[in-house]
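Peer 1: So the chains spell out like this:
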Amino acid sequence: ILNVEQSPQSLHVQEGDSTNFTCSFPSSNFYALHWYRWETAKSPEALFVMTLNGDEKKKGRISATLNTKEGYSYLYIKGSQPEDSATYLCAFLSGSARQLTFGSGTQLTVLP
Amino acid sequence: GAGVSQSPSNKVTEKGKDVELRCDPISGHTALYWYRQSLGQGLEFLIYFQGNSAPDKSGLPSDRFSAERTGGSVSTLTIQRTQQEDSAVYLCASAISGLNYEQYFGPGTRLTVT
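Same order as they appear, the protein sequences are chains A and B.
This note's numbering puts the first residue of the first sequence at 1, with every later residue one more than the last.
This note's numbering puts the first residue of the second sequence at 113, with every later residue one more than the last.
Mixed in with the good hints, there may be bad ones.
Unchecked claim - 25 Å max Cα-Cα, derived SDA-like pairs, lysine to any residue:
1) A:Lys42 x B:Asp175
2) A:Lys57 x B:Glu214
3) A:Lys42 x B:Leu151
4) A:Lys57 x A:Ser27
5) A:Lys57 x A:Ser24
6) A:Lys58 x B:Gly210
7) A:Lys42 x A:Gln81
8) B:Lys129 x B:Glu180
9) A:Lys58 x B:Tyr213
10) A:Lys42 x B:Ser139
11) A:Lys78 x A:Glu5
12) A:Lys69 x B:Tyr213
13) B:Lys127 x B:His141
14) B:Lys127 x B:Ala200
15) A:Lys42 x B:Lys123
16) A:Lys42 x B:Ala114
17) A:Lys59 x A:Ser24
18) B:Lys169 x A:Gln14
19) B:Lys169 x A:Glu83
20) A:Lys57 x A:Glu83
21) A:Lys59 x B:Asn212
22) B:Lys169 x A:Arg98
23) A:Lys59 x B:Gly183
24) A:Lys57 x B:Ser150
25) A:Lys59 x B:His141
26) A:Lys57 x B:Lys169
27) A:Lys58 x B:Gly115
28) B:Lys169 x A:Leu2
29) A:Lys42 x B:Phe157
30) A:Lys69 x B:Ala200
31) A:Lys59 x B:Pro219
As the list claims (entries may be wrong) - A few chain B residues that face chain A, going by a derived Cβ cut-off under 8 Å, partial list only:
32) Leu155
33) Phe157
34) Gly163
35) Gly171
36) Pro173
37) Leu211
38) Glu214
39) Tyr216
40) Gly218
Keep in mind the hints are simulated off the structure, nothing from the lab.
Each residue gets a CB set at the ideal place from its N, CA and C atoms; glycine is no exception.
The shape of chain A in the complex, shown without the other chains (with noise of 0.2 Å):
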């Protein structure tokens, strides 16, 4: 069973603050990084696929740092806005995996 775990589990920041939140996964044989943005009621929508170690992937407001080797990414949100409020999830892919295995979610909510 592959350990991923997020942090905080829920955060809650003023319209305008920068917020970051961390996901972990296991350092060996690892493959992909993927993040994603759940609103309530809506799909999952895709940010970004990581696969090399150092990338740093930006879309918007928001982007994301990856570290292979410590095995933890980081996903920063500058300038929050309402419509931020969502969950945030990432998910690992090691070498030998078939699947993706999710974290169980930073929930972020932006306070207007």
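Given the coordinates of chain A, assemble chain B onto it according to the supplied hints.
Peer 2: Chain B only, in chain A's frame:
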């Protein structure tokens, strides 16, 4: 639109009945995934198709669950003799190819077993 579609959106069934859930992936996507989310739980992988083949069925919870994909397109997830613990949202996703590509999710089917 050209996204992933699932039907039905909601299904209420009596314990012991069989149900069939359908997923239409994005045209041209060779990979298709089924997940479920039970109340208060995270996303649970069920099965993955590459083309019409399912390399990994290890996530299917019991032998009451089966899935097939025909023509490299539509997939059906069948649950036989449903139990109350099968109540969940069943999500389908597709990807252009394998597991290192981003997945596009459908709206889900909410299954309630009474």
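Peer 1: Confirm or reject each hint.
Peer 2: How the hints compare with the structure:
| no. | hint | result |
| --- | --- | --- |
| 1 | A:Lys42 x B:Asp175 | violated, 30 Å |
| 2 | A:Lys57 x B:Glu214 | holds, 14 Å |
| 3 | A:Lys42 x B:Leu151 | holds, 16 Å |
| 4 | A:Lys57 x A:Ser27 | holds, 20 Å |
| 5 | A:Lys57 x A:Ser24 | holds, 17 Å |
| 6 | A:Lys58 x B:Gly210 | holds, 23 Å |
| 7 | A:Lys42 x A:Gln81 | holds, 18 Å |
| 8 | B:Lys129 x B:Glu180 | holds, 19 Å |
| 9 | A:Lys58 x B:Tyr213 | holds, 17 Å |
| 10 | A:Lys42 x B:Ser139 | holds, 21 Å |
| 11 | A:Lys78 x A:Glu5 | holds, 23 Å |
| 12 | A:Lys69 x B:Tyr213 | holds, 21 Å |
| 13 | B:Lys127 x B:His141 | violated, 34 Å |
| 14 | B:Lys127 x B:Ala200 | holds, 14 Å |
| 15 | A:Lys42 x B:Lys123 | holds, 18 Å |
| 16 | A:Lys42 x B:Ala114 | holds, 16 Å |
| 17 | A:Lys59 x A:Ser24 | holds, 21 Å |
| 18 | B:Lys169 x A:Gln14 | violated, 43 Å |
| 19 | B:Lys169 x A:Glu83 | violated, 36 Å |
| 20 | A:Lys57 x A:Glu83 | holds, 20 Å |
| 21 | A:Lys59 x B:Asn212 | holds, 18 Å |
| 22 | B:Lys169 x A:Arg98 | holds, 9 Å |
| 23 | A:Lys59 x B:Gly183 | violated, 35 Å |
| 24 | A:Lys57 x B:Ser150 | violated, 31 Å |
| 25 | A:Lys59 x B:His141 | holds, 23 Å |
| 26 | A:Lys57 x B:Lys169 | violated, 32 Å |
| 27 | A:Lys58 x B:Gly115 | holds, 23 Å |
| 28 | B:Lys169 x A:Leu2 | holds, 17 Å |
| 29 | A:Lys42 x B:Phe157 | holds, 18 Å |
| 30 | A:Lys69 x B:Ala200 | violated, 36 Å |
| 31 | A:Lys59 x B:Pro219 | holds, 23 Å |
| 32 | Leu155 | holds, 4 Å |
| 33 | Phe157 | holds, 5 Å |
| 34 | Gly163 | violated, 14 Å |
| 35 | Gly171 | holds, 6 Å |
| 36 | Pro173 | violated, 14 Å |
| 37 | Leu211 | holds, 5 Å |
| 38 | Glu214 | holds, 4 Å |
| 39 | Tyr216 | holds, 7 Å |
| 40 | Gly218 | holds, 6 Å |
Hints 1, 13, 18, 19, 23, 24, 26, 30, 34 and 36, counting from the list given before, are not met by this structure.
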